[in-house]
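Mapping of the sequence shown onto numbering that gives the first Met the number 0: position 266 corresponds to residue 265, and the numbering continues sequentially without gaps.
You may find that some hints are simply not true.
[Said to hold, decoys possible] Here are the simulated DSS-like pairs of lysine-lysine, each with C-alpha atoms no more than 30 Å apart in a straight line:
hint, residue 1, residue 2
1, LYS386, LYS160
2, LYS206, LYS15
3, LYS144, LYS11
4, LYS114, LYS160
5, LYS25, LYS126
6, LYS67, LYS90
7, LYS62, LYS89
[Claimed, not checked] Cβ pair distances, simulated, as ranges:
hint, residue 1, residue 2, range
8, ASN413, THR246, 18 to 28 Å
9, GLY492, ARG150, 29 to 39 Å
10, VAL66, ASP104, 52 to 62 Å
11, SER210, ASP140, 53 to 63 Å
12, HIS388, ASP151, 27 to 37 Å
13, GLY444, LYS114, 46 to 56 Å
14, SER138, TYR201, 52 to 62 Å
15, VAL66, GLU13, 21 to 31 Å
16, ASP10, HIS388, 22 to 32 Å
17, GLY202, SER12, 48 to 58 Å
18, ASN310, GLU36, 27 to 37 Å
19, ASN310, LYS169, 46 to 56 Å
20, GLY311, GLY199, 24 to 34 Å
Quick caveat, the hints were computed from the structure, so don't treat them as lab data. For glycine and all other residues, C-beta sits at the position ideal for the given N, C-alpha and C.
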Amino acid sequence: MNMLQFQEIMDKSEGKDTLDVIVQMKASPVEEQIMEELSAKTSQIERFRSTIVDPRELLPAKKESIVKTRTRAPRGNQGSFASQVFGVGKKGQLFLDENTSFKQDAFLSSDVVNKSVIQSKRKQPSKLRNANSVLFTVSRDNLSKIVTEKRDDIGGIYENKKIETPAVSKSAKPSMGIGSSRYSSQSWGVHSCGASAVWGTYGQKGKDITSGLAVKVAVLDTGIDASHPDLLGRVTSWAEFDRNGNTVSGSSAHDSATHGTHVAGSIAGGKSSGQWVGVAPECEIMGGLVLNRGSGTVAQILAGMDWAIQNGADIINMSLGDLQFDAQLLTPYRRQLMAALMQGTLVVGAIGNNGLNTSGQPGADIYTLGVGAHDVEFRCAGFSGGKVHQQGDFVYQKPDLSAPGVGIFSCVPNERHDSYNGTSMATPHVAGCAALLLAEMDMNGIPSDQRAFLLRDILEATVRPYGEMGKDQRYGFGLLDVHRAIDAAKELGY
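I would like the entire structure built from these sequences, with the hints used as guidance.
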């Protein structure tokens, strides 16, 4: 483990009796090899993606080549994640399924950890399965003993930091300008991203064309008012998590603020206001309360991701910010992302509301589909984040694409509606459009570890180019357009 990282936690906690820490188990040689292979391929892909001027060079291979190819990568564009990381994902399932619980249990049953837990007189440790980590409260002295005695078992120690809901502002009715002749309603985002066109052309609103089942979108946020007229029957799964990542028993769907209901409405909201507010009104919402009254912890976020992954979420929407660890490859958050990708779950994240040359997790991570915000006239919102990042020996830019995020009209608790600004509002447009795309694609025969990569490739490849040629720090590759995405998927045989 990184002893400098541990010392930093100890220095910052000076004067505290106890600490809430996330202890990650050490990665096996197989795990490290898989991550290094994935990192190398990602580096190769990103180098190419930084040079392209036509987003369609991101399109994946045709369906028939992915279905038929089992031993070698299908022929696809160099910028396609799905084509280029083929096979690595299948290997990755090894470290997500084997020995994970064993490592956690062995660590927790050790004498030094047991004594530390008893002495802290706090709740029992919670396990974050997919992150291969445990969270517990421990005294500073006992943490030093644990590190000394169990150093060979520990991959990293992380502070259970506080996380806040990104600041969003209320908005007046959007000024229509250029959009006045195109989008006559307050729900302009539903039309701008191509969702309403998909409803008309394909009759698709979020139910899988092959199974008839609704696509599942997990919303990890402040909660959801499931009784809102626009969301009745849409919230089919629910879980609330405390600051230590434990499930709160007896909790029923509710919003501890307003943010989560607004986000869920932009994904699956109805038209009780007289106009549709959600882009995929027939999908299912899995509500995860991880930001109680707008404030949570890293453990709550990770536990919410764990819950969503294990309960079959197709897409995870994370309109939150400041989920930041360090530059290491195999952090708890990175492992959660890998678990999602191996299962076929796309993680869509906000890029942040602090303007140019800033970006935060989850949208900043290379394996998350990072979303920036634009207004009704396609101008990049001044608050929308964007930055060049460096990971290892390669650089990449965020966001990946831009979506409606200014003057977004959606539902809020107590049967009301309001308009908000933020990348938090842009992100659910992408998550909902991903649900439409997935629902209309024929994924039969596609390996699970390719599904999320395919969705990402097609969404990015079919944007309406905007801003600088290629990818820039304001619009990414361009403006979200799910109608173009579905058209391209059909051409490729999906």
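Outcome of the hint check:
no.	hint	result
1	LYS386 / LYS160	holds (23 Å)
2	LYS206 / LYS15	violated (51 Å)
3	LYS144 / LYS11	holds (18 Å)
4	LYS114 / LYS160	holds (24 Å)
5	LYS25 / LYS126	holds (15 Å)
6	LYS67 / LYS90	holds (18 Å)
7	LYS62 / LYS89	holds (18 Å)
8	ASN413 / THR246: 18 to 28 Å	holds (26 Å)
9	GLY492 / ARG150: 29 to 39 Å	violated (51 Å)
10	VAL66 / ASP104: 52 to 62 Å	violated (39 Å)
11	SER210 / ASP140: 53 to 63 Å	holds (55 Å)
12	HIS388 / ASP151: 27 to 37 Å	holds (32 Å)
13	GLY444 / LYS114: 46 to 56 Å	holds (53 Å)
14	SER138 / TYR201: 52 to 62 Å	holds (59 Å)
15	VAL66 / GLU13: 21 to 31 Å	violated (58 Å)
16	ASP10 / HIS388: 22 to 32 Å	holds (26 Å)
17	GLY202 / SER12: 48 to 58 Å	holds (57 Å)
18	ASN310 / GLU36: 27 to 37 Å	holds (29 Å)
19	ASN310 / LYS169: 46 to 56 Å	violated (33 Å)
20	GLY311 / GLY199: 24 to 34 Å	holds (30 Å)
Of the numbered hints stated above, those contradicted by the structure are hints 2, 9, 10, 15, 19, listed in ascending order.
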